[in-house]
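Colleague: Listed here are the chains, written in short residue letters.
Protein chains: 2
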Amino acid sequence: MTDAFHFDTETAVEQIADGRWRGQIAGDWNIGDNPNGGYLLSVAVQALAATLPHPDPVSTTTHFLRPGVADAPCDIEVELIRSGRTLSTARATLSQQGKTRLAVLASFGDLSESAGIDAKLQIPAPDLPDPADCVPRSGDAQGITLPILSRLDTRLHPQQALAGQAGKAEVSGWIRFIDGRESDTQSLPLFTDTFPPSPFGLLGAIGWVPTIELTVHVRRKPAPGWIAARFVTEDLQQGRMLESGALWDSQGELVAQSRQLGLVMARS
Amino acid sequence: MTDAFHFDTETAVEQIADGRWRGQIAGDWNIGDNPNGGYLLSVAVQALAATLPHPDPVSTTTHFLRPGVADAPCDIEVELIRSGRTLSTARATLSQQGKTRLAVLASFGDLSESAGIDAKLQIPAPDLPDPADCVPRSGDAQGITLPILSRLDTRLHPQQALAGQAGKAEVSGWIRFIDGRESDTQSLPLFTDTFPPSPFGLLGAIGWVPTIELTVHVRRKPAPGWIAARFVTEDLQQGRMLESGALWDSQGELVAQSRQLGLVMARS
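Chains as they are written, first to last, in the working numbering: chain S, -9 to 258; chain Z, -9 to 258.
Because the hints were derived from the structure by calculation, they are not lab data. Hints are not guaranteed to be accurate.
Intra- or inter-copy, both count: the list cannot distinguish identical chains.
With a straight-line Cα cutoff of 20 Å, these simulated DMTMM-like cross-link-like pairs (lysine to aspartate or glutamate) come out [stated by the list, open to error]:
1) LYS211 with ASP100
2) LYS211 with GLU69
3) LYS89 with GLU69
4) LYS158 with ASP108
5) LYS110 with GLU224
6) LYS211 with GLU224
7) LYS110 with ASP61
8) LYS211 with GLU243
9) LYS211 with ASP65
10) LYS211 with ASP108
11) LYS211 with GLU103
12) LYS89 with ASP23
13) LYS158 with ASP61
Model the full assembly from the supplied sequences, consistent with the hints where possible.
Modeller: As structure tokens, this is what we get:
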């Protein structure tokens, strides 16, 4: 039964008016005291998916305006901008306690249909040790609690698991839902925002790295099993980092790419 | 006199009501029969810049819903979402003839101010021949006319100037305004959408590649002079390409990054 899984019950939304949806932000996806941004986005994605005629979030951009509030309801307003044959586009805002937390602009399509020529280029999957040989994520390196570990099984490359150990601004590893739910195109955006910030590998623990904006492109329906992930920051200037991420499914197929603008404010 | 330059006069907007702006889409920025998407975006950026208290478009995402109409007026609606101390966020739509053409979500900041730690990472500038030794762009390879060449001086790497010649999905070169206007943070988004699509280098001429969505991160105020550019597609699946771009100023500093989702529909 699909709705027995945490991700489904804790991102569920119900329609309360035309273009208005209500959800409940659980505290179990927190990073420290704040709900994870990818989790908040996932609730908005559910409202978008319920509105748009296409199933797959092929392009989703989120601006994070304020932290979310755990264990509190949220309202999502969705405005359809265009509904075409192969793509539909909408914008959404997620608010809590009367304040807008997220602004989203997204286009959905159908990744089971080809959109053009059959040429194929893919970034190859990283060469990772097996999940059993990777290091389960813990909050110790950041000095924070990670309630989200009750929801996600996250394994870090053993040479990147300690802050400052990688020698470059890169983090990689494996991720899946802890309760056995398989990933799908609507849960991949979450996985692009739930690893430690990649500058940890270079700079050591640097405290909370607020995300200003996250754009996720879902590229393909994932096969069942672990998702491999790699995040790299090649561009950090004046405290503004631009991190690029990619996800691969258990067959080695590239299933999503992401890019986020974040702030690296202080060394801890 | 700044307003003597084509870019300034042809992206100018005037306020016609609260949150409503009007501009005129010139035909001189066309690719074939359609206004270049980066040019349409630049008109929306002017309306955003006139609305928001911060000067620099640090994150701008545009969904291209329909082609624009050359030599016709446009209306831009801007809605401020949040105005904070260091960042302000708004969404905008650009319409012509009663139909929405572009939907934009953007955050502006001030790139003359540091936002955090002083660590610096940068993607190094590509090793390009001097502009004089590069090949001026022409529409011949695509079999289309390029009125935009009356506005932009675009020089392609000599080994990438012919479609299919590069052997990989990459295009690089130099760009500047043809009338001597210097680039600034508000004109850099244009330059991320005015080179030939990078799959040309691998697949040969492939006709028009419609952009679904373009996200531009402006990273730094550019120094005067030529802008170096490189665009690479490492991810092309089922006709959907994800192209990553970067711009460097004449001092070799990384000034912008971009990523666009486009459709590669047919070989010509």
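Colleague: Please flag the earlier hints that this structure goes against, numbers listed from lowest up.
Modeller: Of the numbered hints, 2, 7, 9 and 13 do not hold.
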